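For reference, the chains in residue letters:
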Amino acid sequence: MEDGSILEVENVTKWFGGVAAIITVSFSLQRGELLGVIGPNGSGKTTLVNLLTGFVKPDSGKVIYQGKDIAGQQPYKVAALGIARTFQMAKPFYQLSAFKNLIIPLYSPRVKKLRGGKYGNRDDVAIDLLEDVGFERDSFVPYKVASSLPHGYLKRLELARCLALRPDLLILDELFSGMSMSEVAGTLPIIEKLNTEGLSIIMVEHRLKELFRIAHRVMVLNFGAKVVDGSPRQVMDSDAVKAAYLGDEDEG
Amino acid sequence: MAMRYRKERLDRGIKVRCDDVFALSSYREVLYLAMPKVLPVAILLIFPLLKGVVGLYYEKALVITCAISLLALSWDLMASVGLISLGQALFFGAGAYLTGYLNYAFKLSPILTIPLGTIGGALFSTFLLLPVLRLRGVYFAIVTLTLPLLLGRFIDTTKILGGGEGISGLSPLPNLWFELYVAIFAMLVCLFGFRRLINQDYGLVLQGIRDNDRAVMSGAINIYRFKVEAVFIAGLAGSFAGAFMTHYYQFVGIPAFAMDYSIVPLTAAVLGGPGTFAGSVIGAFILVPLSEALRGFGTLRVVFYSAILIICVVGLPEGIFHYMRRKYHQFERRREIG
Numbered sequence: 464m465e466d467g468s469i470l471e472v473e474n475v476t477k478w479f480g481g482v483a484a485i486i487t488v489s490f491s492l493q494r495g496e497l498l499g500v501i502g503p504n505g506s507g508k509t510t511l512v513n514l515l516t517g518f519v520k521p522d523s524g525k526v527i528y529q530g531k532d533i534a535g536q537q538p539y540k541v542a543a544l545g546i547a548r549t550f551q552m553a554k555p556f557y558q559l560s561a562f563k564n565l566i567i568p569l570y571s572p573r574v575k576k577l578r579g580g581k582y583g584n585r586d587d588v589a590i591d592l593l594e595d596v597g598f599e600r601d602s603f604v605p606y607k608v609a610s611s612l613p614h615g616y617l618k619r620l621e622l623a624r625c626l627a628l629r630p631d632l633l634i635l636d637e638l639f640s641g642m643s644m645s646e647v648a649g650t651l652p653i654i655e656k657l658n659t660e661g662l663s664i665i666m667v668e669h670r671l672k673e674l675f676r677i678a679h680r681v682m683v684l685n686f687g688a689k690v691v692d693g694s695p696r697q698v699m700d701s702d703a704v705k706a707a708y709l710g711d712e713d714e715g
Numbered sequence: 007m008a009m010r011y012r013k014e015r016l017d018r019g020i021k022v023r024c025d026d027v028f029a030l031s032s033y034r035e036v037l038y039l040a041m042p043k044v045l046p047v048a049i050l051l052i053f054p055l056l057k058g059v060v061g062l063y064y065e066k067a068l069v070i071t072c073a074i075s076l077l078a079l080s081w082d083l084m085a086s087v088g089l090i091s092l093g094q095a096l097f098f099g100a101g102a103y104l105t106g107y108l109n110y111a112f113k114l115s116p117i118l119t120i121p122l123g124t125i126g127g128a129l130f131s132t133f134l135l136l137p138v139l140r141l142r143g144v145y146f147a148i149v150t151l152t153l154p155l156l157l158g159r160f161i162d163t164t165k166i167l168g169g170g171e172g173i174s175g176l177s178p179l180p181n182l183w184f185e186l187y188v189a190i191f192a193m194l195v196c197l198f199g200f201r202r203l204i205n206q207d208y209g210l211v212l213q214g215i216r217d218n219d220r221a222v223m224s225g226a227i228n229i230y231r232f233k234v235e236a237v238f239i240a241g242l243a244g245s246f247a248g249a250f251m252t253h254y255y256q257f258v259g260i261p262a263f264a265m266d267y268s269i270v271p272l273t274a275a276v277l278g279g280p281g282t283f284a285g286s287v288i289g290a291f292i293l294v295p296l297s298e299a300l301r302g303f304g305t306l307r308v309v310f311y312s313a314i315l316i317i318c319v320v321g322l323p324e325g326i327f328h329y330m331r332r333k334y335h336q337f338e339r340r341r342e343i344g
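Sequences listed follow chains W and S, in order.
Quick note: to get the working numbering, add 463 to the position in the first sequence (first position is 1).
Quick note: to get the working numbering, add 6 to the position in the second sequence (first position is 1).
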């Protein structure tokens, strides 16, 4: 956690009709930090991810990424700045092989520039990325059509698609949902490794046990508002969190 | 208990051998790989020479078939990006009218008007479609369906560009040879060009947009730009067909925006097998000659035509091209189960 913050979110608000999906949420993310975001269903976690990545435009507030306000920018521009995201529902390019799925982000202007204008060896890059997220390199798996792959592979393919952009900030929207225990156990070290290598990560997650193990800090959302923001230990002990997840006793 | 069978599909031995890098060791294997491409192309190139055998009528029908093939290819390219169009007539009409007008007003020769009409028509239609490229599925389809009808009626009522009468007496094409070979050549260029394009990285992005446009966006790629470019390329194929047919008929009028130019290419692509380009061409080469051959039945023609179409689509839902490719590469055998 050095070099100060990579992302500053200031009083972001988003209304969907009469429902406030996100109300004046502010937080910051330090370089190299792993921030967990948790909250009950419908608490605005995915909306927050969409606000950060340009898929939803905030009604008010600022999203300052590396000193620039990116609120309401087109998703592809946000991605070009180095914010990569996974989707909660893994929706790969079903009719293409896993390998070709990665060629698409590798074709983006951002990656071409990072690779020095040259495009050679993209095959090696793609296959290395797949291996990094746990695809068996010398098997047929990378060349199978995505629609024939099991769900766990598709989620990891989502992760590889993000890593292809060589992001500075990675946002994982419930990466572990739908994965088996062993798949989670296999993926967790990958994320930890990326983080120790200096990648800043925001992780929206329902699997609290795994999240609390690797997160530096955890933020809790409920009804679109920030409830608690602190170390995993503080969050676990907080009464507000218990109320949010288990219901407030006073309300009956 | 009755014996139960399951159909099993296996790759032919020669297919398996040819998948290998060391395949090209015998003439048989070279032939096996080259045949599906070389044979149809060869037949097409020889066909114009057979005027004595097939007659002028079917030579002329080939030109129309090529034009419909071009429209079907253009439909298939748009479908590869997830843009389902019901209005290829827009491209056809735009190219046709621009070409006709350039020839009529400025007396330019077809050598100039056809390229200008192709590019201009594609630009014009792409420009018209710009605002709706963000739409998907049915919404995009409805707009494309309406645009050619709107333009046709607009020309009719405002009496511009010849109004309801159209513009006639345009320059003819030099000769039948020119007509046939230019049409065939343009179709082959589009067919093999599109097939190549879609398998390049560029084409993968197009296919990605069809499958999941949000994931392409989050891959730092401006999908809007790719859609515009794809529509323009599809527009070039469609407008060329219009531009070419204008000089072929020596006439351009409201029929250039007719529904036929939207529906027949779409049917051809679906019948032949969408997403393959070759399927679109096969579809067109079945539909157009069939429709000509059934002319003898008079008014009943449409009935027979539609019946054959329904039988084909129900019997071969995968598309003729997929079926042919499967039969070429694989054999089936029955296998006992249980």
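Since the hints were made in silico from the structure, they are not lab data.
It is possible that part of the hints are untrue.
[Claimed, not checked] The list that follows gives simulated cross-link-like pairs (lysine-lysine, BS3-like), each with its CA atoms no further than 27 Å apart:
{"#": "1", "chain 1": "W", "residue 1": "LYS554", "chain 2": "W", "residue 2": "LYS705"}
{"#": "2", "chain 1": "W", "residue 1": "LYS607", "chain 2": "S", "residue 2": "LYS57"}
{"#": "3", "chain 1": "S", "residue 1": "LYS57", "chain 2": "W", "residue 2": "LYS563"}
[Stated by the list, open to error] Here are some of the chain S residues that sit facing chain W, going by a computed Cβ distance under 10 Å:
{"#": "4", "residue": "ARG201"}
{"#": "5", "residue": "LEU203"}
{"#": "6", "residue": "ASP207"}
{"#": "7", "residue": "ASP217"}
{"#": "8", "residue": "ALA221"}
{"#": "9", "residue": "MET223"}
{"#": "10", "residue": "ALA226"}
{"#": "11", "residue": "VAL234"}
{"#": "12", "residue": "PHE238"}
{"#": "13", "residue": "GLY281"}
[What the hints assert, rightly or not] If you want the ones that stay clear, here's a sample from chain W, every Cβ over 12 Å from chain S, calculated:
{"#": "14", "residue": "VAL541"}
{"#": "15", "residue": "ALA547"}
{"#": "16", "residue": "GLN558"}
{"#": "17", "residue": "PRO568"}
{"#": "18", "residue": "VAL574"}
{"#": "19", "residue": "LEU651"}
{"#": "20", "residue": "VAL690"}
Every value quoted in this text rests on a predicted model; they were computed, and no experiment measured them.
Backbone N, C-alpha and C fix where the C-beta goes; we use that ideal spot for every residue, glycine too.
Hint check:
1. With a C-alpha separation of about 33 Å, the suggested pairing of LYS554 (chain W) with LYS705 (chain W) is violated against the 27 Å cut-off.
2. This hinted pair does not check out: LYS607 (chain W) and LYS57 (chain S) have alpha carbons roughly 48 Å apart, beyond 27 Å.
3. Using a Cα cut-off of 27 Å, the hinted pair LYS57 (chain S) and LYS563 (chain W) is violated, with the two alpha carbons roughly 47 Å apart.
4. With a least beta-carbon distance of about 16 Å to chain W, the hint placing ARG201 (chain S) at the interface is violated under the 10 Å criterion.
5. Given hint, LEU203 (chain S) at the interface with chain W, is violated; its Cβ is 14 Å from that chain's nearest Cβ, farther than 10 Å.
6. Checking ASP207 (chain S) against chain W by beta carbon gives a least distance of about 5 Å; that is within 10 Å, so the hint holds.
7. Taken as an interface hint, ASP217 (chain S) checks out: its beta carbon lies about 4 Å from the nearest beta carbon of chain W, inside 10 Å.
8. The restraint placing ALA221 (chain S) at the interface with chain W holds, with a minimum CB-CB distance near 6 Å, inside the 10 Å limit.
9. At a threshold of 10 Å, the smallest CB-CB gap from MET223 (chain S) to chain W is about 4 Å, leaving the interface hint in force.
10. Checking ALA226 (chain S) against chain W: minimum C-beta separation of about 4 Å stays under 10 Å; hint holds.
11. With a least beta-carbon distance of about 14 Å to chain W, the hint placing VAL234 (chain S) at the interface is violated under the 10 Å criterion.
12. For PHE238 (chain S), the suggested interface contact is broken, since its CB lies about 19 Å from the closest CB of chain W, more than 10 Å.
13. Because the closest C-beta pair between GLY281 (chain S) and chain W is about 8 Å apart, less than 10 Å, the hint holds.
14. Listed as a non-interface residue, VAL541 (chain W) fails to keep its Cβ farther than 12 Å from every Cβ of chain S; the least gap is roughly 8 Å.
15. Remark: the non-interface label on ALA547 (chain W) conflicts with the geometry, its nearest Cβ contact in chain S lying 7 Å away (cut-off 12 Å).
16. GLN558 (chain W), annotated as away from the interface, has a beta carbon of chain S within 12 Å; the closest lies near 6 Å.
17. Once the 12 Å rule is applied to beta carbons, PRO568 (chain W) is inconsistent with being away from chain S; the minimum gap is 4 Å.
18. With 12 Å as the threshold on Cβ separation, the claim that VAL574 (chain W) sits away from chain S is violated: the shortest Cβ distance comes to roughly 7 Å.
19. The beta carbon of LEU651 (chain W) sits about 23 Å from the closest Cβ of chain S, which is more than 12 Å, so the claim that it is off the interface holds.
20. Remark: the non-interface label on VAL690 (chain W) is consistent with the geometry, its nearest Cβ contact in chain S lying 28 Å away (cut-off 12 Å).
Taken one by one, the earlier hints fail for this structure at numbers 1, 2, 3, 4, 5, 11, 12, 14, 15, 16, 17 and 18, listed in ascending order.
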